[in-house]
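Student: Listed below, chain by chain, are the residues.
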Amino acid sequence: MRIVSCLLRMIALATLLALQPGVASAQGADEAFTRLGADSFSDTNRAIELLIVNAHPQAAAIIEALAAGRLLAGAGAVVIKTTDGKILDARTGSALAAEPAGLAPVRLNNGVRRTIQGALGGLGLLNPDPAKRISAAEAVFKSRDVALLPVLEGAIAKETDAKAKAALRQAQAAILVAKSDAPPFDRIAAIDVLRERGDQDALATLRSLPADSSPALKEAQGRAVSAIEGKLALWRAGQNLWYGLSLGSVLLLAAIGLAITFGVMGVINMAHGEMVMLGAYTTFIVQEVIRTRFPGLFDYSLLIAVPLAFMVAGLVGIAIERGVIRFLYGRPLETLLATWGISLILQQAVRTAFGPTNREVGAPNFMSGAVEIGQLAITWNRLWIIVFAGLVFAALLAILKLTPIGLQMRAVTQNRRMASAMGIRTGRVDALTFGLGSGVAGLAGVALSQIDNVSPNLGQSYIIDSFMVVVFGGVGNLWGTLISAMTLGVANKLLEPYAGAVLGKIALLVFIILFIQKRPRGLFALKGRAVEA
Amino acid sequence: MISRFLLQNMDKRGYAFLAIVAAIGILVPLLNLAVPAGSPLHVPTSTMSLWGKYLCYALLAISLDLVWGYCGILSLGHGAFFALGGYAMGMYLMRQIGSRGTYGNPILPDFMVFLNWQELPWYWYGFSSFPFAMLMVLLAPGLLAFIFGWFAFRSRVTGVYLSIITQALTYALLLAFFRNDMGFGGNNGLTDFKDILGFNVQAQATRAALFSMTCVMLIAGFLIARGIVVSKLGKVVIAIRDAESRTRFLGYRVDRFKLFVFTVSACMAGVAGALYVPQVGIINPSEFAPANSIETVIWVAVGGRGTLVGAALGAVVVNYAKTVFTSGFMAPYWLFALGALFVFVTIFMPKGILGTAQQLWEKRRKPAPTATPEPAPAE
Numbered sequence: 001m002r003i004v005s006c007l008l009r010m011i012a013l014a015t016l017l018a019l020q021p022g023v024a025s026a027q028g029a030d031e032a033f034t035r036l037g038a039d040s041f042s043d044t045n046r047a048i049e050l051l052i053v054n055a056h057p058q059a060a061a062i063i064e065a066l067a068a069g070r071l072l073a074g075a076g077a078v079v080i081k082t083t084d085g086k087i088l089d090a091r092t093g094s095a096l097a098a099e100p101a102g103l104a105p106v107r108l109n110n111g112v113r114r115t116i117q118g119a120l121g122g123l124g125l126l127n128p129d130p131a132k133r134i135s136a137a138e139a140v141f142k143s144r145d146v147a148l149l150p151v152l153e154g155a156i157a158k159e160t161d162a163k164a165k166a167a168l169r170q171a172q173a174a175i176l177v178a179k180s181d182a183p184p185f186d187r188i189a190a191i192d193v194l195r196e197r198g199d200q201d202a203l204a205t206l207r208s209l210p211a212d213s214s215p216a217l218k219e220a221q222g223r224a225v226s227a228i229e230g231k232l233a234l235w236r237a238g239q240n241l242w243y244g245l246s247l248g249s250v251l252l253l254a255a256i257g258l259a260i261t262f263g264v265m266g267v268i269n270m271a272h273g274e275m276v277m278l279g280a281y282t283t284f285i286v287q288e289v290i291r292t293r294f295p296g297l298f299d300y301s302l303l304i305a306v307p308l309a310f311m312v313a314g315l316v317g318i319a320i321e322r323g324v325i326r327f328l329y330g331r332p333l334e335t336l337l338a339t340w341g342i343s344l345i346l347q348q349a350v351r352t353a354f355g356p357t358n359r360e361v362g363a364p365n366f367m368s369g370a371v372e373i374g375q376l377a378i379t380w381n382r383l384w385i386i387v388f389a390g391l392v393f394a395a396l397l398a399i400l401k402l403t404p405i406g407l408q409m410r411a412v413t414q415n416r417r418m419a420s421a422m423g424i425r426t427g428r429v430d431a432l433t434f435g436l437g438s439g440v441a442g443l444a445g446v447a448l449s450q451i452d453n454v455s456p457n458l459g460q461s462y463i464i465d466s467f468m469v470v471v472f473g474g475v476g477n478l479w480g481t482l483i484s485a486m487t488l489g490v491a492n493k494l495l496e497p498y499a500g501a502v503l504g505k506i507a508l509l510v511f512i513i514l515f516i517q518k519r520p521r522g523l524f525a526l527k528g529r530a531v532e533a
Numbered sequence: 001m002i003s004r005f006l007l008q009n010m011d012k013r014g015y016a017f018l019a020i021v022a023a024i025g026i027l028v029p030l031l032n033l034a035v036p037a038g039s040p041l042h043v044p045t046s047t048m049s050l051w052g053k054y055l056c057y058a059l060l061a062i063s064l065d066l067v068w069g070y071c072g073i074l075s076l077g078h079g080a081f082f083a084l085g086g087y088a089m090g091m092y093l094m095r096q097i098g099s100r101g102t103y104g105n106p107i108l109p110d111f112m113v114f115l116n117w118q119e120l121p122w123y124w125y126g127f128s129s130f131p132f133a134m135l136m137v138l139l140a141p142g143l144l145a146f147i148f149g150w151f152a153f154r155s156r157v158t159g160v161y162l163s164i165i166t167q168a169l170t171y172a173l174l175l176a177f178f179r180n181d182m183g184f185g186g187n188n189g190l191t192d193f194k195d196i197l198g199f200n201v202q203a204q205a206t207r208a209a210l211f212s213m214t215c216v217m218l219i220a221g222f223l224i225a226r227g228i229v230v231s232k233l234g235k236v237v238i239a240i241r242d243a244e245s246r247t248r249f250l251g252y253r254v255d256r257f258k259l260f261v262f263t264v265s266a267c268m269a270g271v272a273g274a275l276y277v278p279q280v281g282i283i284n285p286s287e288f289a290p291a292n293s294i295e296t297v298i299w300v301a302v303g304g305r306g307t308l309v310g311a312a313l314g315a316v317v318v319n320y321a322k323t324v325f326t327s328g329f330m331a332p333y334w335l336f337a338l339g340a341l342f343v344f345v346t347i348f349m350p351k352g353i354l355g356t357a358q359q360l361w362e363k364r365r366k367p368a369p370t371a372t373p374e375p376a377p378a379e
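Just so you know, the protein sequences line up as chains A and B, in that order.
Quick note on my numbering: the first sequence kicks off at 1 and runs consecutively.
Quick note on my numbering: the second sequence kicks off at 1 and runs consecutively.
The shape of chain A in the complex, shown without the other chains (with noise of 0.2 Å):
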């Protein structure tokens, strides 16, 4: 084995001192063009392979001619017709006075074209710009050109770059595997390259081994396999998490006004999907304002977005709470029909006001495109959605063990006559709760914008789902509400695969119904007199 690989050491050697500039083979350079002006198929193929091992200096040139039927070959010429008409002798690139005669273009079918192809990215495996020749590697891995082994050979002895290296290792071997004349170690040797490499590309690769090959080969490519398998396997995993926090943060984004007004308040306002609606066309109409007034703030939209929504959402809150509520406290199903009626009014008034059709909302820049971590594709939208969920939720805990206005808030949930003795205007109090619980819905709504259709129907998608969520959590504890949302998001991602979409929740809201029976107050419910009420 020793031996062998000795010898492929020399081999490559060889083909790096052929590669050189001027050292080129003239007879294999004069081969070749012999062979262009033999006008058969098979003859041309070989005479790119030619032009391309022996590194001629205009082998580019020759064979994007080619390519574009502009190269011209007859009895002991062969010359190159630019673009613009002037006539270049192939050999040497200097132009010629005449139009030798005698000349036809050299024809093609699929099969040169594909030869061409390859060769293109066998030229591009000795650009001198790394990236270049990264994606030329990428280019040969896939076509498995075997013709290219030799080019590939050389350019990795030359190569200096440890990612370009890689690369060229990579489609090295993938050529490798299924040439089955390779020595049988450097095909093993190729396997493990591949195993390494470890993608879909890789896994297709491998599988291309032929049928013939030897039991050590085949077992060793089994091996592989199954090991790329089993890593692809805990990617997709991977990602399948991540899509579910994504989603698990838009239900809590969603769900935690609710669990405001509902958990703490016992209020069922069916129009916190309209909230979070509102929110979202306050967005609509601060990136409307600035695109016609101040294009340079694009980027800045959803941050100027963000405190309007919550005030707008926050001040209708607060007069359906002053106009309606207030008159219902104590009949928590009388609250869900007047409130299921304002959630009407309110998408008819924005279906009259704006149309019936999506609104489009733009993404800024920092919110747009996507990052790759191994396998895993994260979107810089569901990334910053994530975060700014957090931070809502954070902000939200703060003001309510911190601030006074939560303290109050807190005492009256927790008994309303005595807060009322104490002298807190529980009146005050509630319209503020429900203000902030509808605030939060109208941040919802500009997180909503960025990967949602803005339309009157935005807040009913939202609604059922934001109860579950709330219900499963147990009423009155955020922190319920958090994990909740977070476990109904990746449960729902992770049965989508096997489920599919719609039955995977089915399957969730039946779970739901299920499991409110075994704890009718959900994961985390209140302890003490409290419950009763």
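Simulated from the structure, these hints should not be mistaken for lab results.
Think of the CB as a built atom: it goes at the ideal place given N, C-alpha and C, for glycine as much as any other residue.
Treat the hints loosely; a few may be bogus.
Covered, in the sense of this in silico footprint (three residues per stretch, anywhere, with C-beta under 8 Å from a C-beta of chain A), are these stretches of chain B [stated by the list, open to error]:
1. 154-161
2. 175-186
3. 297-308
4. 324-336
Listed next, the stretches of chain A that the computed footprint assigns to chain B, with coverage defined by at least 3 CB atoms under 8 Å from CB atoms of chain B [what the hints assert, rightly or not]:
5. 97-106
6. 324-330
7. 333-341
8. 437-448
9. 466-479
To give an idea of the interface, some chain A residues facing chain B are shown, with a C-beta separation under 10 Å as derived from the structure [stated by the list, open to error]:
10. GLY266
11. ARG351
12. LEU400
13. GLN460
Dock chain B against chain A, hints included.
Tutor: Chain B only, in chain A's frame:
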């Protein structure tokens, strides 16, 4: 004896309701069939079908009033029972099409042929028989309500929580019935009906008969609901509504009473759905939409919760208003009106049209009653 059960303690309002429905049930088909089309007394078939639809809604409203008005269970999923009854009837009507469908398959409905199904799914067996289909109209919603209620009432899920999980129930069914794989026609539902019991569903006489049948069922539903609420069992049910824990401590099995009322109500909603489908000519998954169920609740609230007659009245009034509103230039404002109705009724008319009317009537008869403080609720 049965008539005594059904008619005991019948008040004037009840008799008036029965008389009106019976009169409509006889007169409208007569005026449609026997009076020539040019006469001012003639009732067009389309009007008759429209009112048939309203009366189906009235039956649905009575079934909801039975659980909400008398047992305090606010079901936001009654549309699911209505739609299940409708699907049972729709399946019967689909099987009656036979080989007259677009694809001419004698056994498979068109949408199954279209989806390349080779044989009838097992749950479609038997629906070619009318008695079986009618049994299913009662059984499918009844069984679902029984199982759902069995779990929910036994673990004492009450109030808002129950409302929300009934909503989840109908939402899950909505998603399920939208799937083509379920074998219920997916998005398009069941339609293109031809015959019912051998009579053409489009024919005037069949429509008149369906209208009469709806009136009969409305009367039957009203009598059964009334029979339940005025019986001893009904007293316990009302006690559960007003003070559930106290009733439980007195030794009543609260969950069983609730389960009984809930199941009966679901069956009634199923019958309403079954009568609705041949008159409207289609049943599709949108009937499961949570919004529909909430709208049903508002009919009951508008008419007067806990009055049965009021529920029926509310259903007809709201739906008539909807038809008038949505067909004219006011169409874009219908949702404003409906939304305002929700808010107005819950704040200013908590007892609905009937309750408010009664209050006014009583005030006129004996003005300024001596202030008897209302007893505070037990819990």
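Student: All hints are to be evaluated individually against the structure, with a verdict given for each.
Tutor: Okay, the hints, checked on the actual structure:
Counting residues of the stretch 154-161 of chain B whose CB lies closer than 8 Å to any CB of chain A gives 8, which reaches the minimum of 3, so the coverage claim holds. Against chain A, the stretch 175-186 of chain B contributes 4 residues with a C-beta closer than 8 Å to a partner C-beta. That satisfies the three-residue criterion, and the hint holds. Restraint check on the stretch 297-308 of chain B versus chain A: 3 residues with Cβ-Cβ distances below 8 Å, three needed, restraint holds. Chain A is given as covering the stretch 324-336 of chain B, and this holds because 4 residues of the stretch bring a CB closer than 8 Å to a CB of that chain, at least three being needed.
A count of 0 residues in the stretch 97-106 of chain A with a Cβ less than 8 Å from any Cβ of chain B is obtained; the coverage claim is therefore unmet, three being the minimum. For the stretch 324-330 of chain A, the proposed coverage by chain B is satisfied: 3 residues have a C-beta within less than 8 Å of a C-beta in that chain, meeting the threshold of three. Residue count for the stretch 333-341 of chain A with a Cβ under 8 Å from a Cβ of chain B: 8. That meets the three needed, and the coverage hint holds. Given a C-beta distance limit of less than 8 Å, the hint that chain B covers the stretch 437-448 of chain A is violated, as 0 residues qualify and 3 are needed.
Coverage of the stretch 466-479 of chain A by chain B holds. Counting CB-CB distances below 8 Å, 3 residues qualify, and the rule asks for three or more. Contact between A/GLY266 and chain B, as hinted, is supported at the beta carbon level, the nearest pair being about 8 Å apart and thus within 10 Å. The beta carbon of A/ARG351 comes within 8 Å of a beta carbon in chain B, closer than 10 Å, and the hint placing it at the interface holds. Hint status for A/LEU400: violated, given a least beta-carbon distance of 22 Å to chain B, over 10 Å.
Here the hint on A/GLN460 is kept, as its CB sits about 8 Å from the closest CB of chain B, short of 10 Å.
When the structure is compared with the earlier hints, violations turn up for hints 5, 8, 12 and for no others.
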